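Since the structure of chain A is already known, use the hints to place chain B with the ligands on it.
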Amino acid sequence: MNLLTTFLLAIREVRRHLMRSVLTTLGIVIGVGAVITMITLGRGATEKVTSQISGLGRNLLILMPERASRSGGPPASTAPFKIEDVQAIVEEIADVAVVAPLATRPLLAVYGNENRTTTVTGIDNNFFEVRDWRLSMGRTFSETELRAGKLVCVIGATTRKELFRYQDPIGATLRLGKLACEVIGVLEAKGATFGNDQDEIVLVPLRAFQRRIAGNRDINLVFVGAKSGESTAKVQRDITSLMHERRHISRGEPDDFAVRDMTEVTNTVGAATGILTAFLSAIAAVSLVVGGIGIMNIMLVSVTERTREIGIRMSIGAMEREVLRQFLVEAVTLSLLGGLIGVAGGLGCSALVCFALDLPFILDLSTVFLAFFFSGSVGVVFGYFPARKAARLDPIEALRYE
Amino acid sequence: MTLITPTGESQENGESLVELKGVTRIYGQGEAEVRALAGIDLRICQGEFVAIMGPSGSGKSTCMNLIGCLDTPTSGNYRFRGLDVGTLSRDQRALLRRHYLGFVFQGYNLLPRTTALENLELPLIYRGVRPRERHEAAKAALQVVGMSDRESHTPSELSGGQQQRLAIARAIVTNPNLVLADEPTGNLDSARSVEIMELLTRLNRDRGITIVMVTHEPDMAAYARRVVHFRDGVIASDEAKA
Ligand SMILES: Nc1ncnc2c1ncn2[C@@H]1O[C@H](COP(=O)(O)OP(=O)(O)O)[C@@H](O)[C@H]1O
Ligand SMILES: [Mg+2]
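In order, the protein sequences belong to chains A and B.
Under numbering that gives the first Met the number 0, read the first sequence as residues 0 to 401, first letter to last.
Under numbering that gives the first Met the number 0, read the second sequence as residues 0 to 241, first letter to last.
Hints in this document: simulated from the structure, not taken from any laboratory.
Take these hints with a grain of salt, some might be off.
Said to hold, decoys possible - Label-pair ranges, simulated between beta-carbon atoms:
id, chain 1, residue 1, chain 2, residue 2, range
1, B, 230, A, 25, 32 to 40 Å
2, B, 111, A, 289, 28 to 36 Å
3, B, 56, A, 387, 31 to 39 Å
4, A, 7, B, 159, 27 to 35 Å
Note that the structure is predicted; figures quoted are calculated from it, not measured.
No residue lacks a Cβ here, since even glycine has one placed at the ideal position from N, Cα and C.
The following block holds chain A by itself, in its conformation from the complex (with noise of 0.2 Å):
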């Protein structure tokens, strides 16, 4: 008897006992689909929380004036930058393309009626580039605007929605604080990273955020972009160094500033939610095993029951292997039923989640086809046992079998 009679023989048997099948596979189905919605939403996680990381810009360094605290707590903020350590990075820094000094200052912003509580910051043109923001609406600073220090302002698409309702904000004119300031520019949406609105914010010219608003001349964040191709991993040591010199740090005093590398962030978040999804899937592995010892448990009742069945199998001529693989085959086959289930519930069960939760939803074949495996496995492994039991009994007691 060929493998495929045995297999279309198998099917056979488990369409007659079409509810005790579903049943004996309902751990399979439980223990795949739930290594299947894990792999698929912790995929779905981390390519969310990369992108929005990426988000922040390709290749970027942020340069910090903050001490790391001793305690573990947040870092301590310490002495603001000067517009004179930027224009040191963009003359002594090889490698790097384009360098944002940033100001920022929580301001109330109010057009009419409306009045939102924003972030007002003081930027230059390359703070564009930098983060890869465009506008939909308007333009950037102009040379005079940048150099005079005219308020100007464009905005967040929030800030525009909150304030401006459906009127058109371009050349509308709003107060920041005592300060007027004509709209020129709208930001394309952002969205939210880490649950903070990128979109509610107000970016003036540096020149004048520092005289008019601040009232010093302060540089609170650096934005700056490595050339791309460029390992960020030296322009942060180069970074680090000019700092080092400039702050006027020696050897073994703690750095009260800080440059982050944000592709080493994304690997590192990547890295984390990668652990935490092999971390649930094996959890969810383990129900593959029960679901397997399920199938052991029923397959060996299975046998019993059919002891009589068997002894007619061998009167009429039937091999001990044939039986074996009779049974192990059926087993495998109830087992991949099982997956087969599993893999489309699971996929189901991740698209709905991915749906909620606004996570992208990737399916991934490697990882389908694997759990596919993985539960034809658990039938050869959990079904020898029952099967080899079959194949021994004795011929003439198994036809007595009442």
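Same frame as chain A, now just chain B with the ligands:
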């Protein structure tokens, strides 16, 4: 024609199918030892129709199991078609059954929840017959036993007599040399029993299938052309009809 003669004479000219020599079968050990067969000699030739009779516990079924290669003798020698069965492995005996033997049991032993046709296809599946030929052969066998109108019935939907006819069809669907029937009419009323006996007689006569049948009833044994009596694990008499 020369086969139908008294024991020991012209049978020696016929082709010997089954040959038991000094066969014993002992179950258990020591105190619990049971000598089910205490040394029997039996020769059955191709084309015979043999009835085995004897009181309950006299070793008839034990002997049938041995002839059917389901079991091996404790001592003595059994040759089936000249092959020494005692030296064969479990799988080799399975292959012997597959190719040369058919079984009919008192309790029918059909696969439950399986249609008549599927039951008949089973021995052919093990023989590796292709689906289409298998189907044809199964239908033909069903026709031989007069049950063509019941192909998709399961055993539970059939009467006892029909089930036994189906079991006979399964035994002969592979065209075996020898059909072993252990009390085939044991569960049937006399009218059904006669049907079964006529069927067996016909198969023996028209298709030359050797039949060895155990029965308690002299009426049934009358259909056979040779009757072997067992008593206490030995053959008490062995008579052929003229
Ligand atoms: N598997 C077995 N184990 C022990 N004793 C057995 C077994 N099978 C049969 N016997 C014994 O062997 C003897 C012959 O049994 P059996 O051949 O079935 O008799 P019959 O078919 O003529 O009624 C009986 O005494 C029976 O109890
Ligand atoms: Mg008996």
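Going down the list of hints, with the structure as the test:
no. : hint                        : in the structure
1   : B:230 <-> A:25: 32 to 40 Å  : violated, 58 Å
2   : B:111 <-> A:289: 28 to 36 Å : holds, 31 Å
3   : B:56 <-> A:387: 31 to 39 Å  : holds, 34 Å
4   : A:7 <-> B:159: 27 to 35 Å   : holds, 31 Å
The structure fails hint 1 only (numbered hints given earlier).
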